[in-house]
Each structure stands twice: as structure tokens, then as C-alpha cells.
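2 protein chains.
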Amino acid sequence: MQSEKVVIVVGGDLTDVAALVRRYATSHRMVGADRGALKLAELLPHFDAAIGDFDSVTPSEMEDIKKKSLVCRVLPAQKDETDTEAAIAYAIEMFNPEEIILLGAFGGRLDHLMSNLWLAFHPLVKQMTGKVSLMDRHNTLRFYLPGNYVLKKEEGKKYLSFIGMTPIKELKLTGVAYPLNGKDYEYPIALVSNEFKDTEMTFSFGSGLLAVIQSSDKRE
Amino acid sequence: MQSEKVVIVVGGDLTDVAALVRRYATSHRMVGADRGALKLAELLPHFDAAIGDFDSVTPSEMEDIKKKSLVCRVLPAQKDETDTEAAIAYAIEMFNPEEIILLGAFGGRLDHLMSNLWLAFHPLVKQMTGKVSLMDRHNTLRFYLPGNYVLKKEEGKKYLSFIGMTPIKELKLTGVAYPLNGKDYEYPIALVSNEFKDTEMTFSFGSGLLAVIQSSDKRE
Chain E
1 MQSEKVVIVV GGDLTDVAAL VRRYATSHRM VGADRGALKL AELLPHFDAA
51 IGDFDSVTPS EMEDIKKKSL VCRVLPAQKD ETDTEAAIAY AIEMFNPEEI
101 ILLGAFGGRL DHLMSNLWLA FHPLVKQMTG KVSLMDRHNT LRFYLPGNYV
151 LKKEEGKKYL SFIGMTPIKE LKLTGVAYPL NGKDYEYPIA LVSNEFKDTE
201 MTFSFGSGLL AVIQSSDKRE
Chain F
1001 MQSEKVVIVV GGDLTDVAAL VRRYATSHRM VGADRGALKL AELLPHFDAA
1051 IGDFDSVTPS EMEDIKKKSL VCRVLPAQKD ETDTEAAIAY AIEMFNPEEI
1101 ILLGAFGGRL DHLMSNLWLA FHPLVKQMTG KVSLMDRHNT LRFYLPGNYV
1151 LKKEEGKKYL SFIGMTPIKE LKLTGVAYPL NGKDYEYPIA LVSNEFKDTE
1201 MTFSFGSGLL AVIQSSDKRE
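Chains as they are written, first to last, in my numbering: chain E, 1 to 220; chain F, 1001 to 1220.
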């Protein structure tokens, strides 16, 4: 099965999503989860899939979503998985993705933001670690399982943060302002505001689940 | 030692902090961490303590902070703990707090927001679970260790979310739209958008670390 790149737009803070949708619309499959599908219907003539319970969408908005999405799956409002989880499951099933970028996952309600960060622990996403990014204009967040990685600096992103989602063993950071040589953390820690020394850095760790964020200040 | 109530203002999104500072200024000790101290200096004639490295504060702003704070501790910029952790440690040492409210912990940079949420795992905060709130106009978040709790509905907060910071065993929820009767979660989960059925609800769990959020939509 061919491996493709997928963008999933979810229904958080959608204020700066348009520029990123336009950047990826020609190279990536475009999937909208719930109100994220409405945003895709606003921005694009057609998109690959709309998935959600759509319980906060008006009938005329729903018409528009149906007209512009190649596949539209309406889920029951009462269900065990979130619309975002359903959209990720769909993307994995249909597109065997080499990359999934989630847009609209930050901002909005704090509980929704935490729910999106907690995707890291979801078995579906965990099998995709390193390939899943949560992105807005000022932040790119990726999840990693133990291993060795090379990370390239994204343009305009000054800060580099390493956030243990669990205890982390043997964390090594090289090519950064504050390197580490195999440090253990007994409980989840947020190591914020490190910086690239050049255009790439390497990191590795032996156990746990790690989030890495490249970010810029909002005023930048 | 007398037990007091403490507000700590930290340097995240400070746009809606003023109303909350005014609400608590007469009943609570007021402590500012780094740029949070600058905000307190703007809002109050005097406050209890300013703590931070203050490396993003101008000399004249620093003068103002020193003039209005009863205690001012300037920390080295390179240190192992964050300004917020140092302010919490100070509050615990000086005021033996029965309650600590953190303001300005949300918004701002995503890595800083996660760093504030990760306070849950910090040994200092963990010993204070149930007594520490992170608050803005739309959200109140509290951390809990295993036990039985009664939670009162805050005015205007429609949504109630239970977010496991770890795996959670035997989670029971009563008095809510979606009750649970002792459910186990093998990995951290975000149960969002539950609702109070009346003005209070009860919850309990047997193991893990739980965040509970009362929230409203931002447009409300």
C-alpha cells in the first residue's frame, strides 16, 4: 500500500490555520474532524474526508461539507472515541501515512488542548510516534518513542523544548545551547527554552515517551 | 504555623489576570514570579513577594518591582528550577498555604503552558494536591491524588473534564451527565465535556494523578 502524507484539521483554534492548509493542500491528503471539516470546506473546493458528529454544525454548513468532501462520515454524538481519534484512525486505515500533521489542535478550550496533547498516549498515535506533528504558526510538537533522532531547525522557531510525557531515562541532547549527556528523570519534566546551536541537533533516550516542541514567541 | 491562602502570578498570558488579582488581593498573599511580579507591581500598591531571574525586565521595571514588593528575590538566570517552581517553594516555606492559586499559567507559549501543567508531577506540588489551582477567567484546573472528593460547580462554568496525568484506576463519577462506576484506564486519558447535574458532584479514584477542569467557552 502506498504511503501518503496527511493533514487533519481539528476543531480548536482555527484562526491561523488557513496559511498552513494552503501550504499543504497540494502535497497532503486533507481530512477534517468535525468543525475542522467546516474550515476545510471554507478554504478548499474539495478535500479528502470529513469525519465527526457535527453536532455544532448548521444544516447549511453540513450541506457544504458534504458537497466538498470526497468521503463524509457522520458519527453518533455519544461515542467512546473523539472526532479527532476517529479522523486519525481513518487516515491510518485509508492512507497508510508516512506523516500526519494535526492543525487546529492548540488554542480553544484548555480541556480540548489537553485532550489533543494526550493523543500521545493513544495506542493509534503511539504506533505513529515521530510521524505525527501538532502544528500551528508558532509551534511544532512531535512525539517520540525511545531511539536516536536528528532534528532540523524550522525557520523562525527560536526555542526548542523537551517534555517528558512520562519518566525519561538516559536523555542525551547535542548541538544545543544546554546539552545533556544521558540524564534520567524520575517523573515527567518540561525542559523548556533550549536552543539549536546550528541548523540541526541530535537527541536520544532509552525509555519513556517524549514531546519535542520547536516554537517562536507569538509576537515574532 | 498559621495557614494562609496564596496567589502566585506567573508570566504566561496576563491579559485577563487583573480581575482575578483584584478578587483575591485582600484575602490572599500575593506572590509574583518573574514577569508576573511586574504585573502585580502594575496592579497593586504593595504585594508580598517577587521571585525570578527577571532577565526580561528593564531596569526601571525592576525598580518598580523592588519598590512595591515586601520581599524581592533575584535568582540566577541559569538554574535548575523555573521561576514558578521557586515561587511555589517560597510560598510553601513562608505561608504554609491551605490554598495556592496560580494565575497566568495558561496562554502564552505552548512549551510554557505544558511546563505549568507538568507542575502536577513536581514533588512540591504533589504534596499540595487538591490545594493547588491553576486559574484564568474561563478555566479552573486542580490536581488530585487518590481519594474521595466533593466538587462544587463554579458559576458560569458549563464543562467538567477529568484528565488522567497517569493511568487511573477505579474512577467513579456521580452527579454528572456521564457517570462512571469504577473504570480503569491503562494509559492517561482526557475525559472532556462532562457536566454537573446539580451544584455539586463527587468523584473518587484508587491510583494515579488526576487533573479536574471546570471550564466555559471563551465566547461566554
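Heads up, a few of these hints could be off.
[Stated by the list, open to error] Result set (EDC-like, lysine to aspartate or glutamate): computed pairs, CA atoms no more than 20 Å apart in a straight line:
1) E:169 <-> F:1080
2) E:79 <-> F:1195
3) F:1218 <-> E:13
4) E:158 <-> F:1195
5) E:79 <-> F:1080
6) E:183 <-> F:1080
7) F:1126 <-> E:186
8) E:67 <-> E:42
9) F:1218 <-> E:80
10) E:126 <-> F:1186
11) F:1172 <-> E:55
12) E:218 <-> F:1055
13) F:1183 <-> E:184
[Stated by the list, open to error] Heads up, incomplete: computed chain F residues facing chain E, CB under 8 Å, no partners named:
14) 1110
15) 1139
16) 1141
17) 1142
18) 1145
19) 1148
20) 1149
21) 1151
22) 1161
23) 1190
24) 1196
25) 1199
26) 1217
Simulated from the structure, these hints should not be mistaken for laboratory data.
Every residue gets a Cβ at the ideal spot worked out from N, C-alpha and C, and that includes glycine.
These are the hints, each one checked on the structure:
For the proposed pair residue 169 of chain E and residue 1080 of chain F, the alpha carbon gap of about 18 Å is at most 20 Å, so the pair holds. Between residue 79 of chain E and residue 1195 of chain F the CA atoms are separated by roughly 16 Å; this keeps the pair inside 20 Å, and the hint holds. Only pairs whose Cα atoms come within 20 Å are accepted, and residue 1218 of chain F paired with residue 13 of chain E is accepted, the gap being roughly 11 Å. Taking the CA atoms of residue 158 of chain E and residue 1195 of chain F, the gap is near 40 Å; set against the 20 Å cutoff, the hint is violated.
With a CA separation close to 44 Å, the supplied pair residue 79 of chain E and residue 1080 of chain F exceeds the 20 Å bound. Distance check on the hinted pair: residue 183 of chain E and residue 1080 of chain F sit about 13 Å apart at the alpha-carbon level, within 20 Å; holds. For a cut-off of 20 Å, the pair hint linking residue 1126 of chain F to residue 186 of chain E stands: about 14 Å separates their Cα positions. Of the pairs offered as hints, the one joining residue 67 of chain E and residue 42 of chain E holds, with about 12 Å between alpha carbons and a cut-off of 20 Å not exceeded.
With a C-alpha separation of about 25 Å, the suggested pair residue 1218 of chain F and residue 80 of chain E falls outside the 20 Å cut-off, and the hint is violated. For the suggested pair residue 126 of chain E and residue 1186 of chain F, the alpha carbons sit about 14 Å apart, so the restraint of at most 20 Å is met. Note on residue 1172 of chain F and residue 55 of chain E: the hinted pairing is violated, with a Cα-Cα distance of about 27 Å set against a maximum of 20 Å. For the proposed pair residue 218 of chain E and residue 1055 of chain F, the alpha carbon gap of about 19 Å is at most 20 Å, so the pair holds.
In summary, the hint linking residue 1183 of chain F to residue 184 of chain E is not supported, as the alpha carbons are separated by about 32 Å, beyond the 20 Å threshold. Because the beta carbon of residue 1110 of chain F sits about 5 Å from the nearest beta carbon in chain E, less than 8 Å, this interface hint is met. Given hint, residue 1139 of chain F at the interface with chain E, holds; its Cβ is 5 Å from that chain's nearest Cβ, closer than 8 Å. At about 7 Å, the closest approach between the beta carbon of residue 1141 of chain F and any beta carbon in chain E falls short of 8 Å, and the interface hint on this residue holds.
Because the smallest distance between the Cβ of residue 1142 of chain F and any Cβ of chain E comes to about 12 Å, over 8 Å, the interface hint for this residue is violated. Here the hint on residue 1145 of chain F is broken, as its CB sits about 14 Å from the closest CB of chain E, past 8 Å. For residue 1148 of chain F, the interface hint is violated, since its Cβ never comes within 8 Å of a Cβ in chain E; the closest pair sits about 23 Å apart. The beta carbon of residue 1149 of chain F is not positioned within 8 Å of any beta carbon in chain E (closest approach about 18 Å), and the interface hint is therefore violated.
The beta carbon of residue 1151 of chain F comes no nearer than 15 Å to any beta carbon in chain E, farther than 8 Å, and the hint placing it at the interface is violated. Given the 8 Å rule on beta carbons, the hint for residue 1161 of chain F holds: about 4 Å separates it from the nearest Cβ of chain E. For residue 1190 of chain F, the shortest C-beta to C-beta distance to chain E is roughly 4 Å, which falls under 8 Å, so the interface hint holds. Checking residue 1196 of chain F against chain E: minimum C-beta separation of about 14 Å lies over 8 Å; hint violated.
Residue-level restraint check for residue 1199 of chain F is violated (minimum Cβ-Cβ distance to chain E is 20 Å; threshold 8 Å). About 7 Å separates the beta-carbon of residue 1217 of chain F from the nearest beta-carbon of chain E, less than 8 Å, and the hint is met.
In summary, the numbered hints that this structure violates are 4, 5, 9, 11, 13, 17, 18, 19, 20, 21, 24, 25.
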